[in-house]
Amino acid sequence: MNDGLLAELTAIGRAAGAAPDGEPVLLADRRGALVVRVGDLAVKAHRADKDPGELGARLRAAAHPALRDVLVVPLGEPARVAGRLVSVWPYGAAVSPDDPPWEEAGRILARLHALPADALDPPPPYWGGVGKAARTVGRLPGGPAATEIRRAFATLPGWLRGEAPPPPGTAIIHGDWHLGQLVRPPGQGWRLIDVDDLGWGDPAWDLARAAALFSAGVLPPDEWARFLGAYRAAGGRAVPGSGDPWTTLDIPARTLAIQIAATSVLYALDEGRPLDEFETALVDTCSRITRSEVGP
Amino acid sequence: MQCPKCRGTMRTYDRNGVHIEQCEMCRGIFLDYGELEALTRMQNQYMQPPPAAPAAPAAPAPGWGAQQQHHHHYGHHRQKSVFHMLFST
Ligand SMILES: [Zn+2]
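Sequences listed follow chains A and B, in order. Counting from 1, position 8 in the first sequence corresponds to residue 8 in this note's numbering; the numbering is continuous, with no gaps. Counting from 1, position 25 in the second sequence corresponds to residue 25 in this note's numbering; the numbering is continuous, with no gaps.
Mixed in with the good hints there might be a few duds.
[Said to hold, decoys possible] Incomplete in silico selection of chain A near chain B, CB under 7 Å:
id : residue
1  : Gly-180
2  : Leu-213
3  : Ile-289
4  : Ser-292
In case anyone wonders, no lab produced these hints; they're calculated from the structure. No residue lacks a Cβ here, since even glycine has one placed at the ideal position from N, Cα and C.
Chain B on its own, in the form it takes in the complex (with noise of 0.2 Å):
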């Protein structure tokens, strides 16, 4: 399928069990019917206050770990770089 928008290649992620059509190029995304349905609901049950959860202990690292953190969001464009790193070879 072929992005109505941008004719970039549409893919299908798993977002918890929905599935999404997303567009590789302009990461619009189409969804079937029901589906902004279930997404909503999920997101209603996301909304519920959580638990009070302990914090998770710092993560030890190896002695030539890095001490800075580098910060992204994997789906912007700016990323493709980590997205490269964390989903192919």
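One chain only, chain A, in its complex shape (with noise of 0.2 Å):
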């Protein structure tokens, strides 16, 4: 970790306002991101490795008035520390893992999928998750997860493989949905954080990490239909009013499933253990899309 970033955002949120008492807090320090919560805000560092341009833009993009009732709005201007940009946000509370609001997560997914494509002017960057699956499966090892997991992404569309441009977006999406990404700031409703990968894209992605873990057997089933059902029921643009949802969900949530197995593999690797019940689940369903797309 490091410290003299760390006192840097911590002298940020104290410039933007944060009560002058209480310790900084790390938040987050993952992937090369860090978070750190001063009094009542947040201070996020952003990934080094970001286009500062589009970054900037997504976060030009979240101070938009027309994104109030979604995101939470980030303070003032991005400064510059060490080449990275820094934002600074109102703090909110986390989802309790014990109880997670699966239908407000689908109503504020749909309020943000029902943007009008000219709300933002200007308009933001294409999202920025379209490589993700395709780089953590470029970090796997050898071995027979592995192998599971590369031949599942080999039956992917070329465009999740790099080997062609992705469509054209259809709606704003916020481009790395997950439990994680929804606050509560004192006084207000739940929010939507991090703008890293906001842009347009194909809504149908925002649900594809809950539709992956339900098609793994993971997420429970009634969890997933009280998410998809005040989705739907709030008028959600990424799958059908009515019918089958998986005629749009189907490959973002396999790529998900794959990209999360992935991940699990790598997790594990790092802390020299075996894969668990539920990371095996995921290297399992990953031989069922082969299965689906090639036969046994």
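Mind docking these for me? Both chains are given alone in their own frames, and the hints should help you get the complex.
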């Protein structure tokens, strides 16, 4: 961990009006992004490898009044520290792991996806998550689990493997949605955080992680039904209003199942342990994806 | 804030509008004045007999979906992997 950067983020938080008492608390230090809580503010140093022009455009989009009921609104303009963009946000309470607000999650994504094409001016860039599965699978070592994951990955459409340009976007999407992306700032309802991948895309990708975990047997069917049901009832555009939701969810859910399986293998390797039951369920899902495409 | 029991980091979680401080390590909970009462009120409401609801229809799955459910509780230590899958990139 970078103590110098932590001190700089704390100073930025204090300058932005965070209460002077209270120790800074490290909230996240993952893959080069650092988030520190300073009193009632959260200060984020974005990843150094993010394109500053694109990230700046996503941060400007987050500050747009049209997104006020959907996203936590950043405070002021992003700063620059050692070549990285730093943004300041109101701190919000996280989702309790014991009691995820699935209905609220579905409704807030439906609200985001309902924004018309001209709601944001200038429009945000294309969403930033397109190459993530390919990058994660690319980091896999050898071994039987990795082989299963690579075989499933090979069945995905070429644009997900970097062999063709992605299809044009139809909505503004979060781009990296999971339950850790919901917070509740004081006096407000649930809001989305982390706009590093926000942009134009197919809204089905925001449902992809939950869909993948349901399909792998890891997310219980009743929780998936609460999430999808609330999303549909709120008019969410990622799936048909009625009937089979997998016509649009299928490819994003397959991709996320593969990506989560790859992440799990890398975590387990890092921690020097075998895959647990749930991680194994994701690798087994990869095998079923391959069989559904190319036969046994 | 540090956990008084195990020195783990306390995070602020939202439970139906009530903010609780919970330790990331031992999952111990710190309640501010009035929060226990608020949680108790909520629990009492929860204990009222619910209106009879129709059983939710079985959610359809894609052809490659699992036949078997893997049971877990998010909050428990053993299911750290499931927490990662649902709560992080
Ligand atoms: Zn503790």
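Checked hints:
1. Gly-180: At 4 Å from the nearest chain B Cβ, Gly-180/A passes the 7 Å test, so the hint holds.
2. Leu-213: holds (6 Å)
3. Ile-289: OK, holds: Ile-289/A within 7 Å of chain B, min 5 Å.
4. Ser-292: Check passed: Cβ of Ser-292/A comes within 4 Å of chain B, closer than 7 Å.
Checked against the numbered hints listed earlier, the structure breaks none of them; every hint is satisfied.
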